[in-house]
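Chains as they are written, first to last, in my numbering: chain A, 1 to 262; chain B, 1 to 262; chain C, 1 to 262; chain D, 1 to 240; chain E, 1 to 240; chain F, 1 to 240.
No lab work stands behind these hints: they were computed from the structure. Wrong hints could be hidden among the right ones.
As the list claims (entries may be wrong) - Each computed BS3-like pair below joins lysine-lysine, with the alpha-carbon atoms no more than 30 Å apart: (1) C/K181 with C/K254; (2) D/K211 with A/K98; (3) A/K166 with D/K2; (4) A/K171 with B/K122; (5) A/K258 with A/K177; (6) A/K98 with D/K212; (7) C/K222 with B/K171; (8) E/K212 with E/K28; (9) D/K35 with E/K67; (10) E/K2 with C/K171; (11) A/K258 with D/K35; (12) C/K251 with F/K211; (13) B/K171 with D/K2; (14) A/K177 with D/K28; (15) F/K14 with B/K254; (16) B/K98 with D/K212; (17) F/K8 with E/K35; (18) C/K261 with E/K35; (19) E/K101 with E/K35; (20) D/K212 with B/K251; (21) D/K2 with B/K166; (22) B/K177 with F/K35; (23) B/K254 with B/K21; (24) F/K8 with C/K122; (25) B/K98 with D/K28; (26) F/K67 with B/K166; (27) B/K21 with F/K35; (28) B/K98 with F/K35; (29) A/K254 with A/K21; (30) C/K171 with C/K181; (31) D/K212 with B/K254.
Stated by the list, open to error - Between beta-carbon pairs, the in silico distance windows are: (32) B/S70 with F/D22: 38 to 44 Å; (33) A/D169 with C/E127: 41 to 47 Å; (34) D/R63 with F/D22: 28 to 34 Å.
Note that beta-carbon positions come from the ideal geometry of N, C-alpha and C, so glycine has one too.
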Amino acid sequence: MEHVVAEIRRDHIANIIRDGKRVDGRGFDDYRPITIETDIGHKADGSALVKMGDTQVMAGIKLLLGQPFSDMPNSGVLTTNAELRPGASPTFEAGPPKPPTVEIARVVDRGIRESGAIDVDKLCITEGELCWIVFVDMHVLDYSGNLFDAGMLSSMAALLDTRLPKVEDGKIIYGEKTNNKLPIANKPVETTFAKIGSGVVLDPNLDEERVMDARLTVATDKSGDMCAMQKGGEGTFTPDEIFETVERGAKKAKELQKLLKD
Amino acid sequence: MEHVVAEIRRDHIANIIRDGKRVDGRGFDDYRPITIETDIGHKADGSALVKMGDTQVMAGIKLLLGQPFSDMPNSGVLTTNAELRPGASPTFEAGPPKPPTVEIARVVDRGIRESGAIDVDKLCITEGELCWIVFVDMHVLDYSGNLFDAGMLSSMAALLDTRLPKVEDGKIIYGEKTNNKLPIANKPVETTFAKIGSGVVLDPNLDEERVMDARLTVATDKSGDMCAMQKGGEGTFTPDEIFETVERGAKKAKELQKLLKD
Amino acid sequence: MEHVVAEIRRDHIANIIRDGKRVDGRGFDDYRPITIETDIGHKADGSALVKMGDTQVMAGIKLLLGQPFSDMPNSGVLTTNAELRPGASPTFEAGPPKPPTVEIARVVDRGIRESGAIDVDKLCITEGELCWIVFVDMHVLDYSGNLFDAGMLSSMAALLDTRLPKVEDGKIIYGEKTNNKLPIANKPVETTFAKIGSGVVLDPNLDEERVMDARLTVATDKSGDMCAMQKGGEGTFTPDEIFETVERGAKKAKELQKLLKD
Amino acid sequence: MKVGTPEKFIVKGKRLDGRAPDEIRPIKIEAGVLKRADGSARVEWGGNIAVAACYGPREVHPRHMAKPDKAVLRINYNMAPFSVSDRKRPGTDRRSMEISKVTSEALEPVVFTHLYPNTAIDVFVEILNAAAGTRCTGITAASVAIADAGIPMKDLVPACAAGKVGGEIVVDLCDIEDNFGEADLPMAIIPRTGDISLLQMDGNFTPSEFKKAFEMAKTGCEQVYKVQMDALRNKYGKME
Amino acid sequence: MKVGTPEKFIVKGKRLDGRAPDEIRPIKIEAGVLKRADGSARVEWGGNIAVAACYGPREVHPRHMAKPDKAVLRINYNMAPFSVSDRKRPGTDRRSMEISKVTSEALEPVVFTHLYPNTAIDVFVEILNAAAGTRCTGITAASVAIADAGIPMKDLVPACAAGKVGGEIVVDLCDIEDNFGEADLPMAIIPRTGDISLLQMDGNFTPSEFKKAFEMAKTGCEQVYKVQMDALRNKYGKME
Amino acid sequence: MKVGTPEKFIVKGKRLDGRAPDEIRPIKIEAGVLKRADGSARVEWGGNIAVAACYGPREVHPRHMAKPDKAVLRINYNMAPFSVSDRKRPGTDRRSMEISKVTSEALEPVVFTHLYPNTAIDVFVEILNAAAGTRCTGITAASVAIADAGIPMKDLVPACAAGKVGGEIVVDLCDIEDNFGEADLPMAIIPRTGDISLLQMDGNFTPSEFKKAFEMAKTGCEQVYKVQMDALRNKYGKME
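Start from the sequences, fold in the hints, and give me the full structure.
Rendered as structure tokens:
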């Protein structure tokens, strides 16, 4: 029975979209209301809580000291993780991240990394020996669709909120932060579209995400270049759909970037 | 059906206790017969097998060399583990420790640590660089109730039995023990009480443990001070019950401490 | 029903063997056709794909730099692993190796190690500090019986195919291989026999392996000495069966060794 | 002695953060902060931030954990990686397992689990920032989340610790007091009966110090209880 | 800048390995290379070696993963420990999980999963040697293995990447181009409809560069498609 | 050559611990040492200490491991963390997995598993102190524990090793002989038939050395068998 109900729901949502509307009344290129709160708690070196409609993602930054990779002796290290906490949805379970969670972390990671959002060369302290390791941890608290965009936005907001900890003799002095910011050189954002029947809509909510045929996430940097993309879902896109979506994404990216304060 | 039988059994045991007696004829403040055998096997640096009624717990001590923690550069390190071996009960399974096992290890650890049972400052060899790491491993061989008290007793007996291994050039020479003991500065013991209906009894046996409403473990040091406590079980204690139990525990602690030879 | 069918199949195969024949027409001491292909892919430092009938095992060698063990400061390190890939059989699952896989890896490891196949003393670069670590990884691609012999053969062929990577400043320069071979000092091979009813046959195929009573693997070195043995299966061997099998194994070992080119 | 131990913990009757010995840190509770959960709560308490999400009564997975005569109450306590000084590796550690266990046992006495046999009531406690006292913050949040989920309860369960620092008994230890103090006694009570449903202790107490700390923690719990009730009144009061 | 970055990627119209910008590396495909699997394929493509084994439709374990209206298509992508420069520790890592997921989604649109409700179609992709482009090699192999298993498909799915190196758009990046290049765009297409079933990108593309790379990857896919079809014809052609 | 290798292993016909080449170490066996287990045994053998606990026949978890025509015999061999020189991290390692497997196979031939279809017979072997020969000590203990559980057996299974040290064949290797010797041959036999149910070997044997070691291990097993029988007689003899 369950899949019959699912099909009816799918048809309903697709029909509305075919008529140029959406279940929650938004336009095809509208985000749900977005709020960004930073500086949540003092233990994180930077943090942000993003609400995108009913979706809530908190990102926290921890800076550790470590050794640069041997093929990049002059650079710091970036590590990006996501966790869908079991309280965020009736269907999530405690345990190590599953493929959809890993996908979110990896796509956000690529967006940050490939856009040069962090000037990693400035994170090197001693060549080949000591550098900052930046841990970006996304903590999904309430799952109501489109974790890609909320995850990227919270990660960037948290990185912008970050202050370097104090260091003495190559060790971090916990509890004492400096006023030094991270060297942020770019502001990538992600825009995610869902293809449902004949339409492609921005920022799918939970109902739309459940019935979508395919998903396309486009990460755009501040100059309007693409820095990451990811198609998802069991359906396909035509080449034209992809080109149009990329263009629409680039436009919306500018709006999101305005929400990110330096 | 199973829970009906469980309820009948519970009522039976609680009725006996209401009459001031116990299923195995002991008084409320009586331990089952306790024996402590030390120096079991030559590979452990110290060891003890404690039998408390039908419960059997072996503790073994291994001393390794390692680095002090950075916030305690002049101290050795203590690590306490417990394993309920699958042969110890029809219901235990092989695999990583489950919450009840972890609880036992952590409460024993707190008792040892907080009482200063080991003078960890004397375990430092070179400040910030080299120190002894003391591994206390409790190995539960036969589970017939009250692992807290048997676990703590075996751990302390094993620590008292320990001789430091020989060290050359910062490395342990296996197979050659010295006559040097561990710097033992205190002798904490745990006394565990079970609340069953209207009564609170010491050293619950397996039948009592299965039906108890709540559990209170009190770790007492040689001067009669408390060094750790842990309430367990799905029931509650009144404040008066707690104060009385703490007092009864302190009295019995003296008896247990006498069993621990220097 | 399943086990009834299994018994009928077992009786059928055992009857054929009692008549001095085998299900696939081979003699008792015949191997299935064997091919060895080396130098598969350029990322491995050495590699070989062995086909033994329908069984396919690829072995790859990776050389890493590391520290010698403290009790063997002048020797390199050998590590042998096996994985039954889930594509190799309808019954294999993804996940960490299970006991039968671990057994294969450990018996191959013993054969290589105990025969002195690799002169590990020549793998030491700086005493107590730097040495080669040889990783032998067996990757079972198609499972049609007798993984012991195919695994050992692929491992030895891959070790013989290995060229040391280039090293500068104590680091491996990836992508640049030297012409230096590993110091191979012996050529152990394994010969595995299955006891089925009254007969003991070499190189069991899948059908025979499924119904065998017991298994005996004999690893023989180039001088005809035994370097490892392993009985498997829920049945037993008589002492005479063991002595005869060891002798038959030693004879077949010579044939296999001829397939291994320097 | 640990590096960084302060010389004095109390100067002129004031603690290092300016509080009186019997004064708890500021606490703020909001019920119903998550959309997907059946009930939820956020507690900010002296730097600690906890969010609790409650689901249930619902089906039990795995099935064999179900109990035929009542619901199983399962608490999952988790610290976010960025909630502590040293980044915490994601995943369950021994400390979390113990805290989840004692939190379940602290709440079990007040939940009418017998109304929902063969089901599970799951509470997920996320610590987003840790500043000494996360288990008490978590129990306090979990309790409100269960109530917010509409699950019948005999009472709420507030939690609060007392401890000994520099020889003095104080309530609701802050970070530095927790790190360098001599004893800690986290407790949870059932206010309507006065019964104790959580009690842990580590450090060093003489019997009389223990009694004093016990009473202080109890009074702390009662203060927390008022804030819990207010949070529920804020959300549900208008309906009355 | 990474240690080892080449000064130039293209000299006199030739790439470092001698290819033209729009030239894919040599590719060889064989169907039916394993005995136990229901279908299999081996792909050698410019140094990459992938073997795919397909089982199914078959029973689903664990049972609760079964779908009542179709087969579940599950891809397990795995790199052999010796397939890369630094030995890869056996076991699933985050990269493999992601590639397994996108590979499933790339193939799902062409498999008639609705014919086999409550079953699983499992494809295991083993990378025996990696030389940039393993996911495209794996998708290409998996696609042929499913066909070889006799499972009805609307079409085969070829995959191929394009990218940007030294400012130029090129197809099918080799190892050094992949390591030091500026962008990578792996794609999979369904040739009969021209639809895109896999698309990932990382690096830096202007919109017009993206379009150029997109077309080049598409053309690359079409070339791979021919080799896939030939492999099946080689095995099954004689029956026609 | 390993650091610490002794110059000579045998001086004037005596081994390093004073034994003759064909002399096994002192061995002591007690049956019924645990309360909860259905059967149990403790074996002390030349420094080795093993405790075996047997449960069964009982329900099989997980269910799918059950066999419709017989009981599954499962052995779990485990070394206590403190039983070896370097502390052993708790948990199953590859060595334990292999020993558990060969121990099961060594005991399977003597247990009447066909009497108990769809059940499990579980034996847990704990090594409390290790001094070379733990697998033989474990098999010897497990065998007595199964008998003590009242499970019908064709015979007991004793185990004993022989080996080569300094070129000589000796029985029941001690720690230093095991570490630095040239070959080791652990065996288990079924005394009533003389059949071999465990045989492993590593090191170097010529064919004739192997035969000599084989006979020595067999004789060792027969000596162990007597002690096993005595242990059971001590516990059950009075009932006769």
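Inset, instruction - Compare the distance between the alpha carbons of E/K2 and C/K171 with 30 Å, and conclude whether the hinted pair is satisfied. - result: holds, 17 Å
Legend entry - Holds or violated: A/K254 to A/K21, with C-alpha atoms at most 30 Å apart: holds, 24 Å
Legend entry - Pair hint B/K171 and D/K2, alpha-carbon separation not exceeding 30 Å: Distance of about 27 Å is within 30 Å: holds.
Legend entry - Hint consistency between F/K14 and B/K254 [alpha-carbon to alpha-carbon, up to 30 Å]: violated, 52 Å
Inset, instruction - Take a quick look at whether A/K166 and D/K2 sit within 30 Å of each other, Cα to Cα. - result: holds, 20 Å
Legend entry - Agreement of B/K98 and D/K212 with the hint, judged by alpha carbon distance not exceeding 30 Å: Violated. B/K98 to D/K212 sits at ~34 Å, over the 30 Å cutoff.
Legend entry - Hinted pair F/K8 and E/K35, Cα distance within 30 Å: violated, 54 Å
Inset, instruction - For the pair we were handed, A/K258 and D/K35, check the Cα-Cα distance against 30 Å. - result: holds, 27 Å
Legend entry - Pairwise hint evaluation, D/K28 against B/K98, where the allowed Cα distance is 30 Å at most: Since the Cα atoms of B/K98 and D/K28 sit roughly 34 Å apart, the hinted pair is violated (cutoff 30 Å).
Legend entry - Agreement of C/K251 and F/K211 with the hint, judged by alpha carbon distance not exceeding 30 Å: holds, 17 Å
Legend entry - Status of the given 38 to 44 Å range, CB of F/D22 versus CB of B/S70: violated, 57 Å
Legend entry - Proposed proximity, F/K35 with B/K177 (alpha carbon, max 30 Å): violated, 34 Å
Taken one by one, the earlier hints fail for this structure at numbers 2, 6, 7, 15, 16, 17, 22, 25, 26, 32, 33 and 34, listed in ascending order.
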